[in-house]
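Once you've looked at the hints, dock chain B against the given chain A.
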Amino acid sequence: MATITLKNINKSFDNIHLVINKFDLEINDGEFMVLVGPSGCGKSTLLRMIAGLEIPTTGEIWISDTLVNPVPPKDRNIAMVFQNYALYPHMSVFDNLAFGLKLRKVPKSEIVKRVHKAADILEIKDLLDRKPKQLSGGQSQRVALGRAIVRDPKVFLFDEPLSNLDAKLRVHMRAEIKKLHRQLGTTMIYVTHDQVEAMTIGDRIVILNDGVIQQVGTPLEVYQNPANRFVASFIGSPPMNFLEGKIENGSLLAEKVSINLSEAKNIHKLEGENVIFGIRPENIHLTEDGLELPVVINEPLGNETFLHLQAGQQILIARIPALESIQLGDRVRVSFDLSKACFFSSKTEDRLFFT
Amino acid sequence: MFAYPFLWMISATLKPEIEIGEIGLWSSNFSLRSYKDVISKIPIGRALLNSLFVSSSVTFFVIIFGSIVGYALSRLRFFGRDFIFGVILFTMVIPFQITLIPMYILMVKFGWVDTYLSLIVPGMISTFGILLFRQFFRDIPQALVDAAKIDGCNDFQILFRIIWPLSKPVIITVGILSFMGSWNDVLWPLIVIRVQKLMTMPQLVTIFKVGGQAEGQLGAQLAAATLLAIPIILIYAFFQRYFIESMATSGLKG
Chain A
4 MATITLKNIN KSFDNIHLVI NKFDLEINDG EFMVLVGPSG CGKSTLLRMI
54 AGLEIPTTGE IWISDTLVNP VPPKDRNIAM VFQNYALYPH MSVFDNLAFG
104 LKLRKVPKSE IVKRVHKAAD ILEIKDLLDR KPKQLSGGQS QRVALGRAIV
154 RDPKVFLFDE PLSNLDAKLR VHMRAEIKKL HRQLGTTMIY VTHDQVEAMT
204 IGDRIVILND GVIQQVGTPL EVYQNPANRF VASFIGSPPM NFLEGKIENG
254 SLLAEKVSIN LSEAKNIHKL EGENVIFGIR PENIHLTEDG LELPVVINEP
304 LGNETFLHLQ AGQQILIARI PALESIQLGD RVRVSFDLSK ACFFSSKTED
354 RLFFT
Chain B
26 MFAYPFLWMI SATLKPEIEI GEIGLWSSNF SLRSYKDVIS KIPIGRALLN
76 SLFVSSSVTF FVIIFGSIVG YALSRLRFFG RDFIFGVILF TMVIPFQITL
126 IPMYILMVKF GWVDTYLSLI VPGMISTFGI LLFRQFFRDI PQALVDAAKI
176 DGCNDFQILF RIIWPLSKPV IITVGILSFM GSWNDVLWPL IVIRVQKLMT
226 MPQLVTIFKV GGQAEGQLGA QLAAATLLAI PIILIYAFFQ RYFIESMATS
276 GLKG
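Residue numbers (the working numbering), protein chains in the order written: chain A, 4 to 358; chain B, 26 to 279.
In case anyone wonders, no lab produced these hints; they're calculated from the structure.
Taking lysine-lysine pairs in the DSSO-like style, the calculated list, with each CA pair at most 27 Å apart, reads: (1) B:193 to A:136; (2) A:157 to A:25; (3) A:134 to A:111; (4) B:66 to B:222; (5) A:105 to B:193; (6) A:128 to A:181; (7) A:182 to A:128; (8) A:134 to B:193; (9) A:105 to A:157.
Extracted from the complex, chain B is given alone in its bound form:
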C-alpha cells in the first residue's frame, strides 16, 4: 500500500504515454522513451552533479560548523552562553519566507547571484544541527574531555579526535537531514540561479515540468521526478541502518 504510488510512478515512466492513465503496473510496451526525452531536452546530468556538489557542501559545512557551535555551547564556559543558545533557538521559529527577500538582497550585494556560493553559503549553518549536536555532546562524560585536556588536546582536537568519533549517530542524523533538506530545496535555487548550467536537479525538473519543456508529456515529467528521487533513495538506503540507529540514540523521534 505504502509503496504502490511510487511503483506506479516508476511503471508510468516506462509505459507509452497513452497507457499512463491506467491503474495497473504492468504493460507489454515498456520502454525508456520518457527518460530519453528528459535527457535530450534538459541537462539533467549536469543538474545532478550540481545538486550533489551543493548538497554535499552544505552537509559538510553544517556538520563542521554545527559541531563546533554545539561543542562551544555544551562544553565551554563563557559569559552569555545560554543567552546565545536562546537566540539561536529563537531563529528556528522564523519562517524561511520572512528571510527570503533580505537574503536575496544580500546575495545581490555580495555579487553571488548565479554562483554556487549563493546555494551553499546560506545553508552552511543549521540551527537544528546545532541543537542536535549540543544535546548529544552534553551527554558525553566530562571526564573524557578532562582526560583529553590533560593529555594535551586543545578544544579543536578534543572535538575532532575525541568527541567526533563518539558522535557518529548524531553526525549521520544531521548529515542525512541536511542533505535531504538541501537536495529537495526548490524555492531558493529558483530565486538565486537563473543560468541553466548552475541549476540544481529539483530546480531543473520543476522548470522542466511547469516551464513547458515537458510539452504536457506526463511520462517525461514522471521520469524527471523519478530521476530526482533516485539519488536520495539510494543515499537513504545506504545510511538507513545508521539513520534508524541514530534516531534512537540521538533522542529524535522519526
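Excised from the complex, chain A in its bound form:
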C-alpha cells in the first residue's frame, strides 16, 4: 500500500499549452480517489503520469517515500486497467494474467497460485483457457482487473474502465470494483468523466477542468458545498439550476423574474451585487403560495418527475415526487429551500460564502 503525492505538476505536450496546471494532490494510503472532469480536462494525462507513461514537464510525483519521476512504469509497482481493457489478443486469459509475473521471473508455481487466486476473486476461473476475443465486455473487464490484481501492486490505476460497458453492466462492475477495494485495501486512483460513477465509487473526488483542480472532497462535500459554479454544474444529475441577477432589497432580480431571498443566510452581505443564484432540483418544492412558473417539459421517471420550469429566460429543473399530476403547460407555484442555496460571483464564478 502507498500514499501518492503530486507536487506542483505541470504538463505540456507542445511547450505552449498546459494540459495540467500547477497540480497539487495528496492521496492517502488505501484511499479510493476519483479524478472526474469533462473530456480533455487532463485527468487521463494525470493518471498516465502517475503510471510513468508520460513525463511531467515540471513537478514531482512521489509514491510513498520514493520520487518516481525517473522510475520507469515497470518499477513503480503499479497496475493499470485501461478503458479498452488492453488484453493481449494472442494470449489466453491465463497468459494475460501471468505475463507480468513471467517478466518478473516469478516462479511458475507461484504464478499459477496467484493467477488462480485472482481468478477466484473475480470468478473467471472457467475463462482461463479462452482468448480475449471469446470474451464478452464484462468478462474482458474482469480479466483486465485480474491482470492488475495478480501483480499485487501498491497502487491501482483505472482509466475509465467501465466506459465501454452497457449501463446495466456498468452499475454491476462499479459495485465489483468497490468491493475489490474493500477486499484489497489498496490505494486506487480512478479516472472517469461520469459524475455518477465518481460519486458512488470514490472515498474522495477531485474535480478537474482545463487541467486545474476545481475542488477536492468527499462526494457529499462536493455535492453539498461546491467550490464554484463549474463543480455545482458538473456534479449532480440533473445539474444545479442557476439564475444570474442582482440582489436588491433581499430579492434576486433576474431577467423577467424576481425571487425573494430574504430568508437566505447572510443575504444582506450581497446587497447590490451581481450574483449567480444556484439551487439543486431537489431543493425546489411545489407550494401553494410561491413563485408561479409555467411547466415547459414534464419528465416522469416513475419514482419521481423532473419539471422544467420557465423562469424568465432560464429553465429551472425541479425534482418532485411522481405522484404529482402535473401537465405540460400548467402553471405551478414553487418555493426554494434557501438553506441549501448557493451564491456564486458573477465575475469569478467562485462560491461567495457557504450558507
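Only chain B this time, still in chain A's reference frame:
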C-alpha cells in the same frame, strides 16, 4: 489464357528440341532431356541452395530491421523522428542504378566481393518494409503498448512479444516481397559475384542462357527458367492465403 504461356513453357521443356516451335502443348515424345542437359552443364543445385540462403537471409534481416525501425518511427518519441522518416522515404525515389557503382566500390573496399556478405548485407534494410511496418504498427492500440510497459516489457520485448504476434499480415507481406525481390535479382549478383559456386540461381541461369553454355538449345534454356521459377511458385502457393489476406489488411493493393 493467363496460365497458357507458363504451361507452354513447361511443355516446351519436355519436348524434343525440334517440336518446341509448335503452339500445342501435347507431344508424344515428352522427356526430361532438357533438364538433364541443364543439370549436367551447370551446378544448378548449388545455385538453388545459394539463392535460398541469400534470399532467406535477406528476408530475415529485412523483417527484423524493418520492424525495429518501424517500431521506433511509430511508437518512440524522439527529436527529428519525422525528419528521419522523410529521409528514409526519400531514398525510395533514388533508382538502384544510381547507387550501384558507389555500392560496388564499398563492397570492394570491404573486401566482400565474391562473398555471401555482398549479396546479403546491401539488401538487409528495405525502405518499403520500414514504411509498411511503420504504418501497420501505428494502428495497434497504444493501450496494448502501455499495458506491456506496465507489465514490465522493454521496447524489444514490446516489439517481439506483443506487436509481432499481432502483425503477422505485415510480416508475411514484407517477407514475401523481400524474398521475391531478392530471389529475382540478377543485376547485383552479376556485379559482385564472379565465382560460380557462389552464384545465385537467376544469375547462373542468365549466364547459362546468354553466356553460350546452353549452346542455343531453347529447351535447356526454358528448363533452366522453369527450375528458377518453381521455388518461388511453391513459396507463393504456400503463403498465398496469408499473402492475399495480408494485402487486404495491410492496406496494400495487389
